[in-house]
Amino acid sequence: MLQPEALDFKRQLERDGVPAPAAGIDMDLVRDCIHCGLCLPKCPTFRALHHEGDSPRGRMWQIKEASLGLVGFDDPRFQAHIYQCFNCRACETACPSGVQFGAVMEMARALTPPQNRRDRTIRALLLNGLLPHPRRLRIAGWLYRLTRSARLPALLRRTQAWKILPLGKFAAFPPVGDTAPRRPALAPLTNGLDARRGRVGLLTGCIQDEMFRGTNRRTALALAANGYDVVVPAEPVCCGALPSHAGESKTAARLAARTMNAFTALGIDAVIVNAAGCGSNMKEYELQLRDDPQRREAGAAFSRTVKDASEFLIDGGMRAPARRIRLRVAYQDPCHLVHGQKIHRQPRQALKLIPGIELVEMTESDWCCGSAGVYNLTHPEIAEQALSWKVQHIVDSGAQVIASANPGCILQISMGLQRAGHDLPVVHVMDLLGWAYGDQTQRPPVVLKAMA
Amino acid sequence: MEPVKLESLLRQLREVVGERYAFADPYEVRLYQYDASPETALPDIVVIPGTAEEVARVVKLCADAGIPITARSAASSLAGGTVPVERGVVITFARMDQILEIDSDNLRAVVQPGVVNLALSQALKPLGYYYVPDPSSQGACTIGGNVGTNAGGPHTLLYGVTVNHVTGLEVALPSGELVQVGGKKAAEATGYDLAGLLVGSEGTMGIVTRIWVKIQPLPPTQKTLMAVYPDVETASNAVSAIVRTGILPAAIEMMDKLSIQAIEAASHAGYPLDAGAVLLLEVDGIPELAEELGQRMAKVCRENGATEVRVARNEAERQALWKGRKGAFSAMGRLSSDFYVMDGVVPRTKLPDTLARIDAISARTGYRICNVFHAGDGNLHPLVLFDAFKPGQYEAVLRIGDEILKLCADAGGSVTGEHGIGLEKRENIRYVFSDDDLEVMDRIRRVFDPHRLMNPGKVFPSDGLAPSAHETLPGYPRRQAAAIGAGDDLWV
Numbered sequence: 000m001l002q003p004e005a006l007d008f009k010r011q012l013e014r015d016g017v018p019a020p021a022a023g024i025d026m027d028l029v030r031d032c033i034h035c036g037l038c039l040p041k042c043p044t045f046r047a048l049h050h051e052g053d054s055p056r057g058r059m060w061q062i063k064e065a066s067l068g069l070v071g072f073d074d075p076r077f078q079a080h081i082y083q084c085f086n087c088r089a090c091e092t093a094c095p096s097g098v099q100f101g102a103v104m105e106m107a108r109a110l111t112p113p114q115n116r117r118d119r120t121i122r123a124l125l126l127n128g129l130l131p132h133p134r135r136l137r138i139a140g141w142l143y144r145l146t147r148s149a150r151l152p153a154l155l156r157r158t159q160a161w162k163i164l165p166l167g168k169f170a171a172f173p174p175v176g177d178t179a180p181r182r183p184a185l186a187p188l189t190n191g192l193d194a195r196r197g198r199v200g201l202l203t204g205c206i207q208d209e210m211f212r213g214t215n216r217r218t219a220l221a222l223a224a225n226g227y228d229v230v231v232p233a234e235p236v237c238c239g240a241l242p243s244h245a246g247e248s249k250t251a252a253r254l255a256a257r258t259m260n261a262f263t264a265l266g267i268d269a270v271i272v273n274a275a276g277c278g279s280n281m282k283e284y285e286l287q288l289r290d291d292p293q294r295r296e297a298g299a300a301f302s303r304t305v306k307d308a309s310e311f312l313i314d315g316g317m318r319a320p321a322r323r324i325r326l327r328v329a330y331q332d333p334c335h336l337v338h339g340q341k342i343h344r345q346p347r348q349a350l351k352l353i354p355g356i357e358l359v360e361m362t363e364s365d366w367c368c369g370s371a372g373v374y375n376l377t378h379p380e381i382a383e384q385a386l387s388w389k390v391q392h393i394v395d396s397g398a399q400v401i402a403s404a405n406p407g408c409i410l411q412i413s414m415g416l417q418r419a420g421h422d423l424p425v426v427h428v429m430d431l432l433g434w435a436y437g438d439q440t441q442r443p444p445v446v447l448k449a450m451a
Numbered sequence: 000m001e002p003v004k005l006e007s008l009l010r011q012l013r014e015v016v017g018e019r020y021a022f023a024d025p026y027e028v029r030l031y032q033y034d035a036s037p038e039t040a041l042p043d044i045v046v047i048p049g050t051a052e053e054v055a056r057v058v059k060l061c062a063d064a065g066i067p068i069t070a071r072s073a074a075s076s077l078a079g080g081t082v083p084v085e086r087g088v089v090i091t092f093a094r095m096d097q098i099l100e101i102d103s104d105n106l107r108a109v110v111q112p113g114v115v116n117l118a119l120s121q122a123l124k125p126l127g128y129y130y131v132p133d134p135s136s137q138g139a140c141t142i143g144g145n146v147g148t149n150a151g152g153p154h155t156l157l158y159g160v161t162v163n164h165v166t167g168l169e170v171a172l173p174s175g176e177l178v179q180v181g182g183k184k185a186a187e188a189t190g191y192d193l194a195g196l197l198v199g200s201e202g203t204m205g206i207v208t209r210i211w212v213k214i215q216p217l218p219p220t221q222k223t224l225m226a227v228y229p230d231v232e233t234a235s236n237a238v239s240a241i242v243r244t245g246i247l248p249a250a251i252e253m254m255d256k257l258s259i260q261a262i263e264a265a266s267h268a269g270y271p272l273d274a275g276a277v278l279l280l281e282v283d284g285i286p287e288l289a290e291e292l293g294q295r296m297a298k299v300c301r302e303n304g305a306t307e308v309r310v311a312r313n314e315a316e317r318q319a320l321w322k323g324r325k326g327a328f329s330a331m332g333r334l335s336s337d338f339y340v341m342d343g344v345v346p347r348t349k350l351p352d353t354l355a356r357i358d359a360i361s362a363r364t365g366y367r368i369c370n371v372f373h374a375g376d377g378n379l380h381p382l383v384l385f386d387a388f389k390p391g392q393y394e395a396v397l398r399i400g401d402e403i404l405k406l407c408a409d410a411g412g413s414v415t416g417e418h419g420i421g422l423e424k425r426e427n428i429r430y431v432f433s434d435d436d437l438e439v440m441d442r443i444r445r446v447f448d449p450h451r452l453m454n455p456g457k458v459f460p461s462d463g464l465a466p467s468a469h470e471t472l473p474g475y476p477r478r479q480a481a482a483i484g485a486g487d488d489l490w491v
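As given, the protein sequences belong to chains A and B, one line each in that order. Sequential numbering from 0 applies to the first sequence in numbering that gives the first Met the number 0. Sequential numbering from 0 applies to the second sequence in numbering that gives the first Met the number 0.
I should point out that these hints are in silico values taken from the structure, not numbers from a laboratory. C-beta atoms are modelled at their ideal positions from N, C-alpha and C, and glycine is treated no differently. Don't take each hint at face value.
To be verified - Lysine-lysine pairs mimicking DSSO-like chemistry, simulated, CA-CA at most 27 Å apart:
no. : chain 1 : residue 1 : chain 2 : residue 2
1   : A       : Lys341    : A       : Lys351
2   : A       : Lys249    : A       : Lys63
3   : B       : Lys405    : B       : Lys349
4   : B       : Lys405    : B       : Lys389
5   : B       : Lys298    : B       : Lys256
6   : B       : Lys183    : B       : Lys213
7   : B       : Lys405    : A       : Lys9
8   : B       : Lys405    : A       : Lys63
9   : B       : Lys184    : B       : Lys124
10  : B       : Lys124    : B       : Lys183
11  : B       : Lys183    : A       : Lys341
12  : B       : Lys322    : A       : Lys9
Stated by the list, open to error - Non-contacting residues of chain A with respect to chain B, defined by C-beta distances greater than 12 Å in every case (computed):
no. : residue
13  : Val70
14  : Asp118
15  : Leu166
Said to hold, decoys possible - For each label pair, taking beta carbons as the anchor points, the in silico distance ranges come out as:
no. : chain 1 : residue 1 : chain 2 : residue 2 : range
16  : A       : His343    : B       : Arg295    : 36 to 42 Å
17  : B       : Gly245    : A       : Lys341    : 40 to 46 Å
18  : B       : Arg367    : A       : His343    : 32 to 38 Å
When you get a sec, could you build the whole thing from the sequences and use the hints?
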């Protein structure tokens, strides 16, 4: 285990010269990191694990050494540190050197499939087996709603069976959402109710569409209430965010191309996304399609039309809704919105425009909740640690309702709060907006009371 | 040291801190070979202790085995101070990051070494207090590291550096003792100021495990001004003019043209891209006073060649101006993949002349050099931009660094203001200290660390001490445990 003959980075390069970087690695992006360490205090896995290898700087260093062949991409220790990353990109916000950590991480992950069996199974089943297939997704969604309407969550909680079943905790503590099976999909066109301001496409998404169809409807309503015609692709599309963030670059590129085609056919001014992870991914299609110069260009052009729902509404001058909701709300920044898309102000402004809402700030609202795409499935222990910090900060904030803007975060935080015995609903910013614009479905009791 | 010896040390260390927190895996120790400087060196073992008692036991085990010990926490050090150049054990403070006590009535806080500088001020803010020294890396650097380097920061001009804000230390010594020097008391007027001696010793005497610091009430108002100048010379003269008024601002910072470009690319702080130099000034106090001082400063700036003076109108604007300055070093990553930052000091009156000379060096060698620095106290940070992957560049840059530090020393200044000597400037220290000076320093160090096991290879020149002290053998090291105990009094 001890290798006194090993050389440090500098001396090895002095002795052997600088090797050519590995194929698939953009060395300029890797070398943007000057290892100053300013990212360390913002990294959830460094806080949880205390190891430099699980800090952003440490991961950049490992990717640099792997790219130059000093350590192996297939080294299990390399893979462990690389896949232990949330890829929340909080380090990008902290980084004064402008390191594109998410992009570098995705390049590295594409070169090193995980060896951990749990990780591999989840990839095969979920990322490659389910998300890219609309029919399978529909069946999964139908099953999900069926179990909920059959009061399965209550049964799981009563029998404690959730503790042993895979995905049990998510099934036992589900968020406010669709419970009725066979709810019709979003109508392809929601006419702008007001003076027409434009025509936009809405990404209904994969998981979002199956689990939070009501949120999609309320997003469309908020857009319509602001004078936009809303259209959706005939066939629901998965934008490829989860595969891309997990380094499944082939699946990601295929889904990116499919998504671009679906929306380009609609003839729209902008593509509106209400899931932060999807929005962040769709704003980076240039990266997903980097292997194909022609499509890369088209990807960059497409990305410029992609807007997060709150970003689009607020930057376009959002109309304040009429209905009052007397609630104390805390906003949880989804990582892929605040760090991935640098959107911090707009969701808060949108909430503040709702009459009656008092916005409170929780500590570390921009820290990852541990959901992190499929991370809460692949690395539950570390994810649970991040979730426990989050739950504590939410409870301390005194909020009655938590608003966020990404299905993964909503599922995870909702589960964490309920399991800890806190009856605090976690909803989407667009849910609150939709209710304030007149939607009357799926309002949790505390919202009903606040609107009475 | 033969591998067997290290294996048995590792086993003992694991008994102290647990399996998970002591490791010698050749892959994992590679992650402790660097800091924010361009230097690298591999440790043999990394230990992540959780308590002061664990640190003391770790230090004793290493000292008894004759293994060098290097302390590290954020490793944001710019002078290679945490690079384990003589291998051995690296102790990191990632788990010792607790604020142990805040005693605002007595203006004191007690912290573990791994507490991030800014985290302390953030914890104090709701109570109306802050911890004054504010190195630019304060978002990441730790109080323990600040103590090691006697760190400064923009506001040291008025308020002093780390040593002026530390009243006590708990230190693990190679003997295995955990000793306390100083403490919470208002003033250590009695006896030797041992805490003052240990601050800035760069981990060469012992490992600090607990720190008593002064805190102070947040200034009621802070007025921050940005003054724009056509060139660094005019700006430098303006700094002298400001100081001549008899008013000492809390901070006077300067950035030259190249720095401004990097900073703007990184943080959009609002510095004008066409400026030759920008001064950032801050005054604080009760609102009436800060207002009056701010206006006077603005007037002096204008009278001394400023083409524009902008006063931050609110906290957001103030933060934007500071964010640009504080992120300046790292922002250089936008201009170049590597940089080498220096930390020279010159008398303030020598600023224009020194900067002109640095400019000439840049022109002669073809390497771009940016200047971003604490103008108020003449603490320069020339940054030489280079590409470490191009053969010969780093060596050329080291020669430039050497030339610049010589320049500073010749101007009556010093080779470091706040980053420490570390590994990087250990040869340059000769520009300010004679052999006799160094010998006296070494004797003092050996009162605490008789065998020079604590952060060896730092601070002192590589060839300047007793012959046995700095053998840098290839492979593993220097010192057999059996040698310890012999020749103790060679120097003392």
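We went through each hint and held it up to the structure:
no.	hint	result
1	A:Lys341 <-> A:Lys351	holds, 19 Å
2	A:Lys249 <-> A:Lys63	holds, 23 Å
3	B:Lys405 <-> B:Lys349	holds, 14 Å
4	B:Lys405 <-> B:Lys389	holds, 26 Å
5	B:Lys298 <-> B:Lys256	holds, 23 Å
6	B:Lys183 <-> B:Lys213	holds, 9 Å
7	B:Lys405 <-> A:Lys9	holds, 26 Å
8	B:Lys405 <-> A:Lys63	violated, 34 Å
9	B:Lys184 <-> B:Lys124	holds, 23 Å
10	B:Lys124 <-> B:Lys183	holds, 21 Å
11	B:Lys183 <-> A:Lys341	violated, 43 Å
12	B:Lys322 <-> A:Lys9	violated, 32 Å
13	Val70	violated, 6 Å
14	Asp118	holds, 19 Å
15	Leu166	holds, 29 Å
16	A:His343 <-> B:Arg295: 36 to 42 Å	holds, 37 Å
17	B:Gly245 <-> A:Lys341: 40 to 46 Å	holds, 45 Å
18	B:Arg367 <-> A:His343: 32 to 38 Å	holds, 34 Å
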